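Q: One letter stands for each residue in the lines below.
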Amino acid sequence: MICIRIAVYGKGGIGKSTISANVSAALAQDGLRVMQIGCDPKHDSTRLLIGGEVPTTVLEYIKNVLPEDRRLEEIVFKGYGAVACVEAGGPEPGVGCAGRGIITTFELLESLGIKSYSFDVSIYDVLGDVVCGGFAVPVRDEYADAVFIVTSGEYLSLYAANNILRGIQNFTGQTCKVAGIIHNARGLEEEDDRVTRFARAVRLPIVASIPRSEIFANAEKEGCTVIERYPASPEASIFRQIAGHIENIRSARSPVLYPALPLSDKKLEEIVLQREARGTVQKYDFSSFCVREAPGRHLSGSVKSKRPLIGCAFAGAVSVTAQITDVATIMHCPRSCLLMICEKLLDTEQRSATIFGQPYDPGLVNRLLSTDMTDEEFIFGGERILAETIESAIKKGFTHIFVVTACPPGIVGDNVGNVAKKVSEQYPGVQVIPVPVDGNLTGDFAQGVLDTYRMVAGLMPESKRVKECTSVNIVAEKWLALNDEESIGVVEGLLERLGVTVNCRFLRKCSFGSLLDFNNAALNLPADNDDASEGIRKTLTSVSGVPFLDRTLPVGFGETEAWLMAVAEFFGREALANEIIAEERDEYNRRIERLRPHLEGKTVLISTYPRSVDWICDLAEDLKMSIVKIGLTYSPISESFASRHAGTIPVEKNYTVDMRSEDIRTIRPDLVLYTYPVLKPHDQARGAHIPYCPGFGFHAAVERAELWSRLLKLPATEGWKKDGEGIL
Amino acid sequence: MNLDADGFIGTLLAIEGISDARAVMNGPNGCRGNPAYFSDRYFPRDNSLNRRSFEEPFFFGQSRIPCTYLDSDDYIHGSTQKLREILPLIAEKGDAFLAVVNSPGASLIGDDLNRLLNEARLDHVCMAFEGAAYSRPLPEGFDEAITAILRWLRLNRLPRMNNRVNLLGFSMVQKYWQGNIAEIRHLCGLMGLTVVSVPGAGSSVSELRESTTASCNIVIFPEYSRQTAEFYESEFGIPAVYSHEGAPVGFDATEAWIRTVAVATGCDPTPALDEIRTRRTHAFHRIARYHHEAGYPKGATFAVRGDSSFALPLTMWLYEYLGMMPVSVDIMAGEDPNAAGCLQGYLAANALSVAFGADPAVAGPDMYFGDDLSGKDLVLSGRCRKSVDIFNRTTGDIHFTERAFLGGAGALWILDLIFDVVKDFP
Chain A
1 MICIRIAVYG KGGIGKSTIS ANVSAALAQD GLRVMQIGCD PKHDSTRLLI GGEVPTTVLE
61 YIKNVLPEDR RLEEIVFKGY GAVACVEAGG PEPGVGCAGR GIITTFELLE SLGIKSYSFD
121 VSIYDVLGDV VCGGFAVPVR DEYADAVFIV TSGEYLSLYA ANNILRGIQN FTGQTCKVAG
181 IIHNARGLEE EDDRVTRFAR AVRLPIVASI PRSEIFANAE KEGCTVIERY PASPEASIFR
241 QIAGHIENIR SARSPVLYPA LPLSDKKLEE IVLQREARGT VQKYDFSSFC VREAPGRHLS
301 GSVKSKRPLI GCAFAGAVSV TAQITDVATI MHCPRSCLLM ICEKLLDTEQ RSATIFGQPY
361 DPGLVNRLLS TDMTDEEFIF GGERILAETI ESAIKKGFTH IFVVTACPPG IVGDNVGNVA
421 KKVSEQYPGV QVIPVPVDGN LTGDFAQGVL DTYRMVAGLM PESKRVKECT SVNIVAEKWL
481 ALNDEESIGV VEGLLERLGV TVNCRFLRKC SFGSLLDFNN AALNLPADND DASEGIRKTL
541 TSVSGVPFLD RTLPVGFGET EAWLMAVAEF FGREALANEI IAEERDEYNR RIERLRPHLE
601 GKTVLISTYP RSVDWICDLA EDLKMSIVKI GLTYSPISES FASRHAGTIP VEKNYTVDMR
661 SEDIRTIRPD LVLYTYPVLK PHDQARGAHI PYCPGFGFHA AVERAELWSR LLKLPATEGW
721 KKDGEGIL
Chain B
1 MNLDADGFIG TLLAIEGISD ARAVMNGPNG CRGNPAYFSD RYFPRDNSLN RRSFEEPFFF
61 GQSRIPCTYL DSDDYIHGST QKLREILPLI AEKGDAFLAV VNSPGASLIG DDLNRLLNEA
121 RLDHVCMAFE GAAYSRPLPE GFDEAITAIL RWLRLNRLPR MNNRVNLLGF SMVQKYWQGN
181 IAEIRHLCGL MGLTVVSVPG AGSSVSELRE STTASCNIVI FPEYSRQTAE FYESEFGIPA
241 VYSHEGAPVG FDATEAWIRT VAVATGCDPT PALDEIRTRR THAFHRIARY HHEAGYPKGA
301 TFAVRGDSSF ALPLTMWLYE YLGMMPVSVD IMAGEDPNAA GCLQGYLAAN ALSVAFGADP
361 AVAGPDMYFG DDLSGKDLVL SGRCRKSVDI FNRTTGDIHF TERAFLGGAG ALWILDLIFD
421 VVKDFP
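In order, the protein sequence lines correspond to chains A and B. At position 726 of the first sequence (counting the first as 1) the number is 726 in this note's numbering, and the numbers step up by one without a gap. At position 132 of the second sequence (counting the first as 1) the number is 132 in this note's numbering, and the numbers step up by one without a gap.
A few of these clues could be false.
[What the hints assert, rightly or not] To give a feel for the contact side, a few chain A residues facing chain B, derived at Cβ under 10 Å:
1. I103
2. F171
3. E349
4. Y360
5. L364
6. L369
7. V412
8. P436
9. G719
[What the hints assert, rightly or not] Reference listing, derived: stretches of chain A covered by chain B, where coverage requires no fewer than 3 residues with Cβ under 8 Å from a Cβ of chain B:
10. 400-408
11. 676-683
For the record, the hints were derived by calculation from the structure and aren't laboratory data. Bear in mind that the values here come from a model prediction, so they are computed numbers and not experimental data. Here a beta-carbon is modelled for each residue, glycine too, at the ideal position from N, C-alpha and C.
From just these sequences and the hints, can you work out the full model?
A: Right, here's the structure in full:
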């Protein structure tokens, strides 16, 4: 005889546990070795076999006992007829992920060697109206061999039964796995007919019909099964009949398993309720409402267009909150999540200090904390560990704390807002600010940046008043390039020469207080004008009256000249600006004159994802170089492309690596400037990378040209590249 | 903040550490970038100049650990569709072994990975990890993964041959992992031992299949391999050899390790010990001719934060051989109880208990042996003179010459590092 594993599914409260326990008891009476596993968080499947609750559920056990100390006999209990009883258990209602709990239960039982004990029959009693993947685990091939569906004649019960068939079909396709329907009657009118019609439509047999009977309540009152308490009753014989059916399946005496053939919802209604749908459903009309406009959430390019998400909102959010130097950021996540962003943040900080001599921020490590969620928090919820971590941040002296969430807390539904509220109530003066980006559930890296800027902007006191002063805010700087901090130093230097101070860098290496003082500036200087920056601008203009300069931070002489004049005009300091420009022009011209003999007349092909390359075009013009084409490659962070030079330089969209290679072969440019990917060895061309952040100011661009000049004197392809030939 | 990579990364790197295997992540792109970059950097296999671009589905411009780029829709509806698309594409790459690993979020969906593998007819070449050691120590995740893989491969019970051994506990997460393996292979060679396989650290699937011919398993880092060793012992009767003094770091521990291996295998330790003797003499001449007015390195302070089986011999060696003072000794989670106990006992016996678990930022050591981000943080904060990386990170340096921390070659390299710093001491 082979071992057989049976899953019993059905709507909550339909009587699965009573049926499972009675069937287990009947099988045990036949001398079979039976195990029953309750897969319902309310852990009452085996109650009637044991005569009460199991002392420990599997998930409680996992929570309380170290892995190396775990033993099978501590979670398997002896019930009536020596039935082995196991209850998965689950988290408290409203927290954690019970589905994950089922998966973990099965993994633990397996790791403790349950498979080496050959029970004749194993019965999984599973909650059926929850349809997430975890609850479907018992249906999988490695678990159940056959599935019984318990239903009454109520529509919702049959609806659940049909849904269960859908789940089974998803997992098993056309494989025959369903043993049939067990009708647990509620005593309704026409109930038998409904169940029969449904069974016929899904081509399944009704293997047993259990009438409504007081005997069940009586047995339950005494904490035992009908088989045990009323063995001679007609009801007991029905359970023996189901047990016999199982033995038939086990011995494969007849073809007793069927495929899952669920009905569409419409068909189900027609068959069960015997009525047709009520025609077309109309859309709701909102036009009669008066609408108050709420500040909108700006979506990143990838989220808007449902492109593959690059990075995650969690990392984007942390990269923003980590910039605030006196605020703790708690990452509510498994440890692997924090590495994705924190390694980069720390490395950038460290290398920026090492390479560019920037002051090192030793507080960065100290203000980043993580809850290090494990499987236990996935199952039971992570609110407790989050509260503990917030308290540890408070003990470190932080009074403002951001909590950024990764995917798992979002999926299991941790109520971060509630935790934050409770802690804030307990510690007056402490502000805990949830940033519920939920990993990549809300979007990509850029979306996390946008959402967090919005969150922080919401903390600022709203003011539409414009202050008369000579200070500015720098808005939406980038911070993942090593030279960012040095570049912004150049901007600050120019502003200083103009007699303008920086009020707040929103959000880069700033204090929490400076954010709240955001409105104490006369002008906002946007660092960039990409989609994310534009989203940030819109967010800020909804809460602040500080105007934005219509130019981004400048790269190269031409852009810097125009930018400086624009700032100067705003503050009425044009004369000062002209003096600065004149001084810098001399130096710039000297550098250009030195480079021109080497670069004049050289042809340049640009291959870039859509991003402004005007600084290159301006520089090429000054050096009398010729740009033959700008090829715009695909990028997951692609944005619209605009250029002052678009009319004079050909721009080709959807530019591929192969097209670039072909252009290199036919046009033979002297220099190829590219963002990504690198040139192929067979291109045999001289290339230079276009930096993500070329730096700001009058001389940022010309410094790149000094590198181009050197590259043009060097071999097109370095010798080491040849050694890669033959490596795929 | 604990910056140690966790068991999830350990699982991925265990798979990626098999030379002809590939990990596939069922998860978001954001989860995959770091380990994919890590694997490519520290165990490069393909030609990075031939890479395509972000257009390539599932790879997104990175050659290792393709992923299903799950998004919010997939968390609700499951990742079946993307897995159905990715599996045939990955299969085309021709790897000898594949493993799909669920990201933390994907582990909550409950997709039946095995059914999909079966459906794609890849169940003979691809296994599924529906969960991993999320937030648990990296070595645990590594060890569990290697054990699961060996079990899944259904290794044959082959005739065991004298003088053939496997090396257990190596991982690409360890700095100079390939140099370390080369040094240990070299010492084994001197003793007449052939290394059959190094599971999870460069060996191919066929070498793993051959691993059951070994007469014993030499466990270098038990944190990464205790379960693996137990698996070989219980399934194939292959005994495991542990050195009481931890990994062969420094001359003394290396000599102890050679003797332990010789006793366990019955081979002659003399040639290997002779080589260590030669290296000791070489070191002696250089140290003896070095002069620092203050007598350094004796009296210089150090901190170490590493795996227990590495921290133990390093601490003992620097203290006894060079007279350096441990001011902060910390072992990483997932420690080997024997090594951890020995280390604490050793410090106590030398009245140095205060160093155990001491914060290096407070202790202010001259040298810090640990991970590079923590080390650089100490250096840049002015709390340490020199940081020595003993782990690889995505942010680590590139090296061209094969270096090692283990064996005689490793001892000399550690001396190089120390004396290079000490010469600049005031």
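Q: Decide, hint by hint, whether the structure agrees.
A: Okay, the hints, checked on the actual structure:
| no. | hint | verdict |
| --- | --- | --- |
| 1 | I103 | holds (6 Å) |
| 2 | F171 | holds (6 Å) |
| 3 | E349 | holds (8 Å) |
| 4 | Y360 | holds (4 Å) |
| 5 | L364 | holds (8 Å) |
| 6 | L369 | holds (6 Å) |
| 7 | V412 | holds (7 Å) |
| 8 | P436 | violated (13 Å) |
| 9 | G719 | violated (14 Å) |
| 10 | 400-408 | holds (count 3) |
| 11 | 676-683 | holds (count 5) |
When held up to the earlier numbered hints, the structure conflicts with 8 and 9 and fits the remainder.
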